[in-house]
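S.K.: What follows is the residue order along each chain.
2 protein chains.
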Amino acid sequence: MTARPQLTPVLRRLRLARISANPSRQAALEQSLPCPVARRFSTSRPRPFHTTPAVSAKAKFTSETYPDIKRDSRFAQLTGEHVGYFRSLLGSESAVIDGVTNDRAADDIEPFNSDWMRKYRGHCKLVLKPGSTEEVSKILKYCNDNMLAVVPQGGNTGLVGGSVPVFDEIVISMSRMNQIIEFDEVSGTLVAEAGCILEVVDQFLASKGYIFPLDLGAKGSCHIGGNVSTNAGGLRLLRYGSLHGTVLGIEAVLADGTVVDDLCKLRKNNTGYDLKQLFIGAEGTIGIITKVSIHCPQRSPAQNVAFFGLESFDKVQQAFREAKGQLSEILSAFELMDEGSQALVRQVTKNESPLEGRYPFYCLIETSGSNADHDSEKLQAFLEDVMEKGIVSDGTLAQDETQIKSLWTWREGITEALSHLGGTYKYDVSIPLKELYQLVEDTRARVDAAGLLGDTDEYPVRAVVGYGHMGDANLHLNVSTRRFDERVEKVLEPFVYEWIAARQGSISAEHGLGVMKKKFIGYSRNPTIVGLMKNIKNTFDPNGILNPYKYL
Amino acid sequence: MTARPQLTPVLRRLRLARISANPSRQAALEQSLPCPVARRFSTSRPRPFHTTPAVSAKAKFTSETYPDIKRDSRFAQLTGEHVGYFRSLLGSESAVIDGVTNDRAADDIEPFNSDWMRKYRGHCKLVLKPGSTEEVSKILKYCNDNMLAVVPQGGNTGLVGGSVPVFDEIVISMSRMNQIIEFDEVSGTLVAEAGCILEVVDQFLASKGYIFPLDLGAKGSCHIGGNVSTNAGGLRLLRYGSLHGTVLGIEAVLADGTVVDDLCKLRKNNTGYDLKQLFIGAEGTIGIITKVSIHCPQRSPAQNVAFFGLESFDKVQQAFREAKGQLSEILSAFELMDEGSQALVRQVTKNESPLEGRYPFYCLIETSGSNADHDSEKLQAFLEDVMEKGIVSDGTLAQDETQIKSLWTWREGITEALSHLGGTYKYDVSIPLKELYQLVEDTRARVDAAGLLGDTDEYPVRAVVGYGHMGDANLHLNVSTRRFDERVEKVLEPFVYEWIAARQGSISAEHGLGVMKKKFIGYSRNPTIVGLMKNIKNTFDPNGILNPYKYL
Chain A
1 MTARPQLTPV LRRLRLARIS ANPSRQAALE QSLPCPVARR FSTSRPRPFH
51 TTPAVSAKAK FTSETYPDIK RDSRFAQLTG EHVGYFRSLL GSESAVIDGV
101 TNDRAADDIE PFNSDWMRKY RGHCKLVLKP GSTEEVSKIL KYCNDNMLAV
151 VPQGGNTGLV GGSVPVFDEI VISMSRMNQI IEFDEVSGTL VAEAGCILEV
201 VDQFLASKGY IFPLDLGAKG SCHIGGNVST NAGGLRLLRY GSLHGTVLGI
251 EAVLADGTVV DDLCKLRKNN TGYDLKQLFI GAEGTIGIIT KVSIHCPQRS
301 PAQNVAFFGL ESFDKVQQAF REAKGQLSEI LSAFELMDEG SQALVRQVTK
351 NESPLEGRYP FYCLIETSGS NADHDSEKLQ AFLEDVMEKG IVSDGTLAQD
401 ETQIKSLWTW REGITEALSH LGGTYKYDVS IPLKELYQLV EDTRARVDAA
451 GLLGDTDEYP VRAVVGYGHM GDANLHLNVS TRRFDERVEK VLEPFVYEWI
501 AARQGSISAE HGLGVMKKKF IGYSRNPTIV GLMKNIKNTF DPNGILNPYK
551 YL
Chain B
1 MTARPQLTPV LRRLRLARIS ANPSRQAALE QSLPCPVARR FSTSRPRPFH
51 TTPAVSAKAK FTSETYPDIK RDSRFAQLTG EHVGYFRSLL GSESAVIDGV
101 TNDRAADDIE PFNSDWMRKY RGHCKLVLKP GSTEEVSKIL KYCNDNMLAV
151 VPQGGNTGLV GGSVPVFDEI VISMSRMNQI IEFDEVSGTL VAEAGCILEV
201 VDQFLASKGY IFPLDLGAKG SCHIGGNVST NAGGLRLLRY GSLHGTVLGI
251 EAVLADGTVV DDLCKLRKNN TGYDLKQLFI GAEGTIGIIT KVSIHCPQRS
301 PAQNVAFFGL ESFDKVQQAF REAKGQLSEI LSAFELMDEG SQALVRQVTK
351 NESPLEGRYP FYCLIETSGS NADHDSEKLQ AFLEDVMEKG IVSDGTLAQD
401 ETQIKSLWTW REGITEALSH LGGTYKYDVS IPLKELYQLV EDTRARVDAA
451 GLLGDTDEYP VRAVVGYGHM GDANLHLNVS TRRFDERVEK VLEPFVYEWI
501 AARQGSISAE HGLGVMKKKF IGYSRNPTIV GLMKNIKNTF DPNGILNPYK
551 YL
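These protein sequences, in sequence, are chains A and B.
Under the working numbering, the residues of the first sequence are numbered 1 to 552, in order.
Under the working numbering, the residues of the second sequence are numbered 1 to 552, in order.
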């Protein structure tokens with residue numbers, strides 16, 4: 001891209017509207033950006049991000065990484081007799097992967113034993129793939145009667161080790177329960193089995209003019225049952241709200257095999273406690289979700305994306321406030337990135353930023369609506385207004401689908417860029433908006449004060465950066481390291497968790513608890529609430545066979 | 001209004017756009033409609049609707065209407081000693097209404113003993129008005145220790161007898177806990193005490209450019225704590241979703257006085273079971289909600305309302321599908337009325353319909369958006385399209401706030417019109433959309449076949465009509481009677497409930513269970529789920545002191 005002259009504020013404003021009329025600028029923009037097949041639109045599994053670089057070798061066992069976790073001796077050891085029962089129950093050869101009586105099955109079981117980040121690894125020797133709710137029910141009844149622990153597994157795309165075993169728990173893979181059962185084109189109510197892949201369901205809905213009210217990077221692999229079980233947040237929450245509002249009903253199987261048929265297809269149903277809500281985000285600890293009924297909104301035919309630079313976090317907040325006011329019903333994303341995170345993307349991709357200048361903060365705004373002309377008019381008016389008021393310093397507006405995808409890569413490419421640079425300490429947190437970015441600044445200052453942060457190889461920490469879903473007050477704090485250094489973790493923890501707890505934030509905004517955050521729940525939940533949660537767990541799963549060693 | 005000529009389809013279409021350019025037509029429209037101060041915008045308590053005409057005399061005791069309900073002998077009788085404790089605890093004279101030691105307090109207690117429909121009436125002798133969560137906690141601890149039953153009461157605007165005592169339960173009125181605690185103008189998060197009146201909160205939010213994500217007829221009296229406790233649905237659900245999605249956190253006091261501080265202000269928080277969801281719609285049976293944290297959307301500056309006539313319920317469904325597609329993000333209400341219900345409004349109000357012709361069905365569409373020009377353009381395009389396709393037969397578009405209110409009265413005036421005509425059997429139900437109106441037709445046919453329906457005085461039933469929130473698949477089936485006749489109830493029940501159960505509908509879409517529908521829960525929930533609900537109740541309130549004789 002050729003050097004761009006410094007534009008005056010007025011010219012900058014004009015530039016926003018002019019991009020489409022300037023083919024060479026448009027072409028330059030396209031060239032300057034990474035591959036248009038951005039992660040967001042990819043059907044493949046997302047790249048790993050974790051505290052150690054990805055390795056092709058097998059991961060360390062979770063039982064070694066967490067030596068404090070001991071196998072619960074109440075659970076029975078799997079025998080050939082158990083396997084025989086499951087074989088006779090499930091019939092099909094492919095529905096049982098038996099490593100109990102057949103040592104050669106280890107390789108087939110390995111993908112179910114490890115998470116995709118290769119950070120968690122269990123000792124599972126038996127994988128079951130039920131094809132119906134009735135089979136799930138019979139499996140669980142047998143397991144409960146025989147004290148066999150189980151781990152429900154969807155697409156295994158989780159980030160906290162919740163979907164893989166720790167010891168020898170049986171994996172119950174939901175992958176064969178992947179049928180869309182019904183869709184009502186008038187009401188938008190979809191009923192589908194838990195093992196449906198999110199993207200497959202969304203593509204089906206697209207053909208009907210509807211959209212799944214959840215979108216996330218792992219959409220090509222994750223299951224909708226897993227999404228509901230982990231209360232996935234993702235990219236559309238700002239617009240369509242949480243699954244607690246959109247899920248209308250579930251069918252689930254309890255630990256003792258009882259089928260809970262709460263597969264309501266209605267938006268209003270005030271007949272007793274809304275029990276399905278407990279299963280949303282329970283990470284498979286009180287039952288296995290087998291079917292989901294969900295309200296799907298109309299798909300918006302028009303999408304626009306703008307990307308702009310701002311001088312301070314205070315201005316980011318002002319821009320957010322203005323965007324909500326002026327774009328209101330068409331605003332579908334408001335994403336935040338700091339300059340540190342964008343510098344890392346530039347460093348790794350060698351691409352040039354969509355904006356000529358450097359700003360402490362960048363925001364990406366997406367609108368989705370039913371009328372492209374109306375939306376463009378609103379977005380342009382908004383951008384001109386915020387530039388005129390000095391809230392936004394510079395901005396650009398995507399003119400077609402390719403540019404939309406390209407702009408998104410500057411937000412969604414951060415994770416991948418970081419993974420190329422070494423290990424990263426990642427915190428997925430939520431903090432009241434006013435102090436959202438302060439966590440990054442305070443953490444950076446602390447790492448720096450400890451002499452750990454610098455530009456040269458002698459410093460273990462390369463950068464402390466922040467980005468995330470501003471619209472949901474969801475920050476991803478990332479500490480990029482050059483190598484493992486135990487001083488770094490000591491400086492970060494429990495500092496980060498204590499900082500969040502002091503502000504009544506959440507130590508897990510959308511990734512859940514799993515193994516990783518089980519012991520940190522006290523930073524976001526008081527003992528009274530944790531006590532009530534344990535009551536719930538004991539009520540639903542008195543033997544504790546469902547997804548043990550995790551969550552609470 | 002003068003007689004209007006029959007318009008051709010093309011002219012009809014033009015009329016939609018022409019109303020505003022024709023002042024005399026506009027004035028005529030205004031004159032033709034009822035008082036512009038519609039119930040929807042009223043601050044007063046809504047008029048009663050029930051199965052017997054409103055009477056100024058005291059209602060029959062619930063214990064007489066429902067002789068099967070017996071006082072639970074485990075509960076203690078109130079004594080002067082108990083009253084003394086509460087007096088010393090609450091201090092202020094006005095915080096205790098004592099009918100235990102003072103017979104003359106009966107009149108002061110009566111409003112807390114009876115619901116506004118005068119359909120339910122208890123024998124309460126003590127009303128407590130705590131001013132803080134700590135006081136609620138101490139009251140409940142004392143009651144639990146002494147086996148004193150309580151009924152939490154908000155604005156007492158419920159429709160199923162849930163907020164008044166049956167026997168001598170103590171009423172805990174939340175009316176003194178009415179403070180707005182904080183509002184974050186960037187995120188839109190509001191924290192307020194449970195006793196805040198909905199309309200007061202909404203007016204506060206309006207001054208900040210925000211809106212409460214719930215609206216209903218009783219807004220001038222109902223409390224937000226009561227709204228959350230009953231999972232109120234109302235008029236904005238189509239647009240903003242249910243309280244299960246918008247409520248971010250609650251503070252509640254359990255039966256034993258334990259304070260559950262789950263007053264999260266974040267949209268994302270995946271740290272354990274989402275316990276607050278159990279309290280939403282629990283009707284005060286597992287705890288008393290003392291504070292609420294809720295996500296409030298941006299208030300839309302532009303509103304439009306259209307009213308149109310259709311030839312069949314199939315066309316109503318087509319119109320709804322088209323409205324969702326074309327109006328998408330600005331659609332905020334889609335209401336249904338049949339000709340029977342509109343005929344009753346015309347009969348009572350003597351007003352002329354907004355449309356010249358008579359149609360089997362009428363719909364009211366409301367849009368709310370950030371740009372009035374854009375919204376008008378979308379709505380006009382939509383109306384022209386559905387008229388051209390023959391989906392809608394005729395329609396009119398409100399041109400100002402007065403006309404908007406006037407059009408709404410044709411939907412919201414139905415309840416009041418019915419109340420002037422005698423007793424009405426009312427069913428608030430939800431049914432999958434395709435069969436929504438079939439319930440009205442089948443019920444009408446059944447009543448007719450029994451020889452009970454007719455235009456003259458010899459028939460006890462005047463009309464069987466249907467209307468409701470089409471967008472939420474929420475139907476109000478109303479059977480308007482001339483006098484009490486036990487044959488009518490026998491023809492209606494359990495027929496209506498069985499009809500709904502066979503279609504997996506809900507026997508209480510938004511009004512809850514209370515006393516009225518406690519015994520009918522089995523029509524919408526299977527025994528497994530009811531059993532789990534009872535486990536929950538026992539876990540949270542083992543002595544059963546919270547709102548007994550109701551719900552489950």
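Be aware that a few hints might be false.
Because identical chains cannot be distinguished in the list, a pair is counted as satisfied if it fits within a single copy or across any two copies.
[What the hints assert, rightly or not] Below, a list of computed lysine-lysine pairs in the DSSO-like style, where the Cα atoms sit at most 30 Å apart:
(1) Lys208 / Lys58
(2) Lys434 / Lys208
(3) Lys389 / Lys208
(4) Lys141 / Lys350
(5) Lys60 / Lys389
(6) Lys208 / Lys350
(7) Lys537 / Lys518
Note that these hints are calculated values from the structure, not bench results.
S.K.: Of all the hints given earlier, name the ones this structure violates by number, lowest first.
M.R.: Structure breaks hints 1, 4, 5, 6.
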